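> So the chains spell out like this:
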Amino acid sequence: MSERGPSRPRPQLVRAEGEGLGIDRELLVRMHELMVKARVLEERLIQMYKAGHGYFWIGGPGEEAFNVPLGLLMKRGQGPAYDYLHGHYRQSATLLALGEEPVGALRQMKNTATDPYSAGRNFAGHFTKRAWNIAPITSPIEVQYAIAPGTAMAQKRFGGDGITIVTGGDAGTAEGDFASCLVWSSRPGQELPILIIVTNNHWGISTAAATQQGAKSLADRGKAFGMRTASVDGNDVVGSYLALKEAFGYVRSERKPFLMEAMVSRLYGHSSASGANPVPGEVDCIATFEEQLEKGGILNRAAMVQVRERWTKEIGEAARRVRDEPMPAPESIWNNIYKERS
Amino acid sequence: MANMAQAVRMALHYAEENLGVTDVFGEDVGPPLGGVFTATQGLKTAWNSPLDERGIIGVAMGLAMAGQRPVAEIQFCDYIYNTIDLLKIAGNTCWCTNGDWNLPMVVKTPVGSGIRGSIYHSHSFDATATHIPGWKIVMPSTPLDAYGLMLSACQDDNPVLFLEPKALLRIKGDEPIPGEPADERALSKMIDAPLGDRSAWKPDWPALEPYFVPIGKARLVREGTTLSVVSYGRMLPLCVRAAAALAETGIRAEVIDLRSLWPYDWEAIRDSVEKTGKVLFVNEDTEVTNFGEHLLRRTVEELFYRLLAPPRLLAGKFVPGIGLADPLEAASVPQLSDITEAIRSLAAEQA
Ligand SMILES: Cc1ncc(C[n+]2csc(CCOP(=O)(O)OP(=O)(O)O)c2C)c(N)n1
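Top line first, the protein sequences correspond to chains U and Y. According to the numbering used here, the residues represented by the first sequence are 1 to 342, in order. According to the numbering used here, the residues represented by the second sequence are 1001 to 1351, in order.
Hints are not guaranteed to be accurate.
Claimed, not checked - Here are the simulated lysine-lysine pairs, BS3-like style, with alpha carbons at most 30 Å apart:
1. U:Lys256 / Y:Lys1044
2. Y:Lys1317 / Y:Lys1088
3. U:Lys339 / Y:Lys1217
4. Y:Lys1317 / U:Lys339
Said to hold, decoys possible - Among the chain Y residues that face chain U by a calculated CB cut under 8 Å, a handful are:
5. Pro1050
6. Gly1062
7. Leu1063
8. Ala1066
9. Asp1085
10. Leu1086
11. Trp1095
12. Cys1096
13. Thr1097
14. Asn1102
15. Asn1158
16. Asp1338
What the hints assert, rightly or not - Taking beta-carbon pairs under 8 Å as the criterion, some of the chain U residues facing chain Y (in silico):
17. Thr112
18. Thr114
19. Tyr117
20. Asn122
21. Arg130
22. Val143
23. Ala146
24. Ala154
25. Ala174
26. Asp177
27. Ser180
28. Val183
29. Trp184
30. Arg341
Hint data in this document are derived by calculation from the structure and do not stem from the laboratory. Owing to the predicted nature of the structure, the values given are computational and were not obtained by experimental measurement. Built from N, CA and C at the ideal position, the CB exists for glycine as well.
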């Protein structure tokens, strides 16, 4: 049931460690493009919010270097043979890497009837796509960690190599659902094929992580459960890709859990509630990557500027189209409360 | 005749054989115990979970997302409260995703008082449950309805909450489960796990037949003309007893077993109230923002000019818990005498 298009380049590792950037040039270029596309999309969403074309913004600028490889490594399709993603509200780059059209996010921001994720019901960044096993993103922090072991359990039962991926922020790991996930994923003899990810931006809205949690490393929490763990620099796209590839490989073949913590940036603060303005001092993964690409002779400045301009134009046009699309009808509140048998 | 726990067990067996149920799970649900009320003994898909209610509801949701059909148990509804936001999400997933996802899952949990359960084994959950849209909610008062509602719950493509009146779980019914042997000792031998070592035990299931009680359909338990009594769960048999006793005094109480709380059978209530002009709603959950208050509000709004007396609600007292000592429990939730008195006084009331 995979819907992966034939034209999509397959990520591959061709060069040995230490040679160039460690990853095939084609993939580097592709990841750069997706990262820029995701950034442009988020910046457009922020702009829409500020222009009054949406009520609230939350998203993932600053997580592209981690979330793009995540999406590229997922096995896309519907049902237990494919990978499930239980994401959170900073996942746009993953969706784009999977091949999602950016216009859906714009429609959700504008809460139009055409919003493919919720028909105008939910906040921006709250994706869902059953055809690709993208579980609905919900606002309550951490609940996805209690739900994800369920899809992983079905996959263990099903056989095959589909896995479950769950992501969320660092502050949310204080919730019991994070512990639930560790417990349910590692029941002796019934370990689950689940990649448990924490994207650590060191903040929960305005509260610094260091003031609330004593654990030196969130990844280490997996060790008590006998899990393989890793902590990666989520601002380093190559490092993230390689670490994720290894973790995916392990979970896919061993059918066991893996806990990964990725250090990421929060480039526009928490959400529109905190202004959605650029935050000084945070590492910008795209800027870093572009320096590497230029130095490595993979892409020159002009080419990279062109990529950004192209997406700025395309997504800008899509945003203008969305502006005139209808709001949901009031009587639509009664639709889809239940699924009725066909 | 089977008791309600056996009826639930047989329904789950039927459902795992015929309706695609893949998992029956929760704390102590699998072998060796088969549930603290024995309702899951001998089921081939039953398994024990970690002691983690949020994990239980979350995993049921995940299983349902991945094409499984889970039945999850919360051991006592007193312990379901820390899962409320997950219950909300299970209930809103179809709506929030505009129909993209649906969750075919059942959550069963014993509710209510009547077993000297003190503060944390006597809670009711119907008032809270009916504040969570997107679920279907059922609550049987007989073994046969438990069987028929469980089959409907397992077949539904949406989350269904199956509330088990715990004081009725060991009570035998008047009507047989289709397929159960006539001799109840034979049934027990076939499907009740033996005491002691059970490691080699396997149930010998009777040839059960399908019997679906549609969700949303009430049952007219007793016809009458003087007034209507609308109840469900553990209070229902008490209402029937009160009505039977009062029949001798000339009070003809009509008794309706709602069976489904959401969606509920408004037509059954309306038809009855239009006939009698008087209605008493009875349940044992705390009375403030109680589900019976909703029914009462709707009765007032839609049937006001058909009423011969103010509609009434008899429910649990709005106190923080149900105390252990007999006088405390009796003072907290409606007793037979309270119901009898409420029916008598409503019957006597003149417009
Ligand atoms: C259960 C819950 N509590 C509180 C909130 C309000 N809230 C939204 S985001 C957030 C901080 C989350 O921080 P973290 O988990 O680190 O993720 P981040 O947003 O930094 O990626 C809070 C407290 C919520 N949405 N859900």
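> Holds or violated: is the Cβ of Ala154 of chain U closer than 8 Å to a Cβ in chain Y?
Since the shortest Cβ distance to chain Y is 3 Å, the answer is holds.
> Does Leu1086 of chain Y hold up as a contact with chain U if the rule is Cβ-Cβ below 8 Å?
Where the cut-off is 8 Å and the nearest Cβ of chain U is about 6 Å from Leu1086 of chain Y, the hint holds.
> Does Lys1044 of chain Y sit within 30 Å of Lys256 of chain U, going by the straight-line distance between their CA atoms?
Distance of about 25 Å is within 30 Å: holds.
> Does Lys1217 of chain Y lie within 30 Å of Lys339 of chain U when you go C-alpha to C-alpha?
Holds: Lys339 of chain U and Lys1217 of chain Y sit about 19 Å apart, inside 30 Å.
> Go through the hint on Val143 of chain U and say holds or violated, using the shortest Cβ distance to chain Y against 8 Å.
With a minimum Cβ separation of about 6 Å from chain Y (threshold 8 Å), the hint on Val143 of chain U holds.
> Let me know if the C-beta of Asp177 of chain U comes in closer than 8 Å to any C-beta of chain Y, holds or violated.
holds, 6 Å
> Hint validation: Asn1102 of chain Y versus chain U, beta carbon distance must be below 8 Å. Holds or violated?
holds, 4 Å
> Please check whether Thr112 of chain U passes as an interface residue: C-beta within 8 Å of a C-beta belonging to chain Y.
The hint is violated - Thr112 of chain U has no Cβ within 8 Å of chain Y, the shortest such distance being about 12 Å.
> Classify the hint on Gly1062 of chain Y as holds or violated, based on whether any CB of chain U lies nearer than 8 Å to its CB.
holds, 2 Å
> Per the CB criterion, is Leu1063 of chain Y less than 8 Å away from chain U?
holds, 4 Å
> Minimum Cβ distance from Trp1095 of chain Y to chain U below 8 Å?
holds, 5 Å
> Please verify that hint: Thr114 of chain U, Cβ, nearest Cβ of chain Y, below 8 Å or not.
violated, 11 Å
The structure fails hints 4, 16, 17, 18 and 25 (numbered hints given earlier, in ascending order).
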